[in-house]
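Q: Chains A and P, in that order, are what the protein sequence lines are.
Here the first sequence stands for residues 1 to 219, numbered as in the UniProt record's numbering.
Here the second sequence stands for residues 1 to 354, numbered as in the UniProt record's numbering.
Simulated from the structure, these hints should not be mistaken for laboratory data.
Note that the structure is predicted; figures quoted are calculated from it, not measured.
The beta carbon of each residue, even a glycine, is placed where N, CA and C say it ideally should be.
Among the hints, erroneous ones may be present.
[Said to hold, decoys possible] Simulated crosslink set (PhoX-like; lysine-lysine; CA at most 20 Å straight-line):
#, chain 1, residue 1, chain 2, residue 2
1, A, Lys113, P, Lys277
2, P, Lys277, A, Lys115
3, P, Lys86, P, Lys198
4, A, Lys77, A, Lys187
5, P, Lys271, A, Lys81
6, A, Lys187, A, Lys31
7, A, Lys113, P, Lys271
8, A, Lys187, A, Lys159
9, A, Lys31, A, Lys159
10, A, Lys75, P, Lys277
11, P, Lys12, A, Lys100
12, A, Lys115, P, Lys271
13, A, Lys20, A, Lys119
14, A, Lys115, A, Lys81
15, A, Lys75, P, Lys271
16, A, Lys75, A, Lys113
17, A, Lys159, A, Lys113
18, A, Lys77, P, Lys271
19, A, Lys119, A, Lys159
[Claimed, not checked] Stretch-level coverage of chain A by chain P, calculated; a stretch enters the list once three of its residues show a Cβ under 8 Å from a Cβ in chain P:
#, segment
20, 52 to 63
21, 75 to 82
22, 88 to 99
23, 104 to 115
[As the list claims (entries may be wrong)] Take a look, some chain P residues computed to stay more than 12 Å from chain A by CB distance:
#, residue
24, Phe20
25, Leu75
26, Leu285
27, Ile293
28, Lys302
29, Val315
30, Leu337
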Amino acid sequence: MTLVMENVSKVYSDGPKEFKALDDVSLELQKGEFVAIIGPSGSGKSTMLSIAGALLSPTSGTVFLDGENTAHLSKRKITEKRLEKIGFVFQAANLIPYLKVRDQLRVINVIAKNKANSKGRELLEHFGLTHRTNNYPNELSGGERQRVAIARALINDPKIILADEPTASLDSQRGREVVELLADEIKSRGKSGLMVTHDERVLDLCDRVVTIRDGRLEE
Amino acid sequence: MFLAIRELIHAKFRYVLIGFIMVLVASLIFIISGLAKGLSADNASAIQNLETDYIVVDAEAESDITKSFIDREKLDEIEQISGVEKANTLSIRMMNASVNGTEQNEDVALFVTEADGMLIPSITEGNSITQDNEVIADSMLKREGLKLGDTLKFGDESEYTIAGFADKQRYSHTSVLYMEASGRDRINAVTIQANPGKIDEIKNGIGNDFDILTAEEALQGIPSYSSEQASLNMMIVFLFVIAAFVLAAFFYVITLQKRDQFGVLKALGAKTIYLVKSLLGQVVLISVICIAIAVGLTMGIKALLPADMPFLLEVSGLIQTSLLVLTVSVIGALISLVQVVNIDPVEAIEGAGK
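Next up, chain A with everything else stripped away, as it sits in the complex:
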């Protein structure tokens, strides 16, 4: 089990009013498993992904990342855990605009103080991006950008891949290719994947689909 969420709730209070973004949610991810979260907008998908990725802390309940309870970790330690255990693929790729493709991957090594990591070139070759290593993100197509983002998520060899609407900025064919790639990598490298999406055409590529409605999970 790489990611475990146990009875997780997240409550936002806006003055006297309380808003339950997540209500007693539990989820377990196995190694090699790729799970999609779907649901209408505002249902709590993004909150769930943020809590799974240790970007938000839950109001109640526990999150275990690779067996470790994150509740007792300092902010600094949580940042380290994110770097070590989690790979993110954001909506619209969110690449750093002033870094060339090669440096988009290298920056993770720099942050992780792991300059010896030479997997970047291999990953770019694997994703068919070798001819793009010296290009800036604005010179890439949407699909290429998302492929760079996936390579970036993988370079640090994390246990968990979290994807936030990876197909949002792509047409359906490109979107499907990106999710296929993601599913392949998660399977072949033995990662766990959790993807928020509203694109129902890619759900067949996932092992499991959970629906979230008004903060509650329905399988």
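With chain A's structure known, arrange chain P on it following the hints.
A: Chain P only, in chain A's frame:
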């Protein structure tokens, strides 16, 4: 610096623009500082270089040596006070001298003191004065064509011969001439060398009718000195404030534009301290480059200035001002740092954490 340098290179245009402003502001700071130092020296280098610890003036003179009048006998009295090691008289007269009996006239400040006293400056050319009709002249007068052996005449007084030249002897924007004080009963001031620990004793000994000034207080007492320096210093302070605000505004807007990236980097696992260092690295790098260019520019401008323009740039002053500009830039970047610290990594996930 991985991110810092790559961003600077990628967004060169905007950084060149801000760099340009910084170079201009820094150059202006250097030039006005040079001018302030130059004017200060031109106005008072003779006082700044005076070999004395304290200057005794009469209490009604309000620290202005030329307004002070003391009887000569006071010198003997002061010499007797315990704690006073050496004492000499000093009188200052603003005069006009005719050169070699020709039409050429020069404004000069006469510093009248004992020829064997401590106030006589070190000679850079010629000899010190040994006779009553000899003077030591400020070497700036050489630019006016004066040389050793030239005679000077003040009104109806007798002729004086230039026996030697000394450097950096200016008072009230005029060159100074040192001459022997014998035979003069009314003096402006008594300069003393004394142990600073005994200053209270000396004060008691001299009495309440007299003030004891340090050289710095005597400088401030020169009528034009403090107003000249104050206006220039105000300009310099304003330039520092402008530099800080321009940089603050620039980096604030740039950081605002980069919020998303900072959110993504934090979500990916970059520590806040890494991003802070990156931003500070950029500020320091830009500032150092701009200051270096500004120093070069100022040197170039200095070379173009006419030789008699009062402009003084010393390495120590230049380094001090440079460090101050750098500090001010970093202070200007502080509000952007606060922004960077406050960015929440959850912003990388759209729609979360609202």
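Q: For every hint, state whether the structure bears it out.
A: Do the hints match the structure? See the list:
no. : hint                  : in the structure
1   : Lys113(A) / Lys277(P) : holds (15 Å)
2   : Lys277(P) / Lys115(A) : holds (18 Å)
3   : Lys86(P) / Lys198(P)  : holds (14 Å)
4   : Lys77(A) / Lys187(A)  : violated (28 Å)
5   : Lys271(P) / Lys81(A)  : holds (11 Å)
6   : Lys187(A) / Lys31(A)  : holds (9 Å)
7   : Lys113(A) / Lys271(P) : holds (12 Å)
8   : Lys187(A) / Lys159(A) : holds (12 Å)
9   : Lys31(A) / Lys159(A)  : holds (8 Å)
10  : Lys75(A) / Lys277(P)  : holds (18 Å)
11  : Lys12(P) / Lys100(A)  : holds (15 Å)
12  : Lys115(A) / Lys271(P) : holds (17 Å)
13  : Lys20(A) / Lys119(A)  : violated (42 Å)
14  : Lys115(A) / Lys81(A)  : holds (18 Å)
15  : Lys75(A) / Lys271(P)  : holds (10 Å)
16  : Lys75(A) / Lys113(A)  : holds (19 Å)
17  : Lys159(A) / Lys113(A) : holds (19 Å)
18  : Lys77(A) / Lys271(P)  : holds (10 Å)
19  : Lys119(A) / Lys159(A) : holds (16 Å)
20  : 52 to 63              : holds (count 3)
21  : 75 to 82              : holds (count 4)
22  : 88 to 99              : holds (count 8)
23  : 104 to 115            : holds (count 6)
24  : Phe20                 : holds (21 Å)
25  : Leu75                 : holds (73 Å)
26  : Leu285                : holds (15 Å)
27  : Ile293                : holds (24 Å)
28  : Lys302                : holds (38 Å)
29  : Val315                : holds (38 Å)
30  : Leu337                : holds (17 Å)
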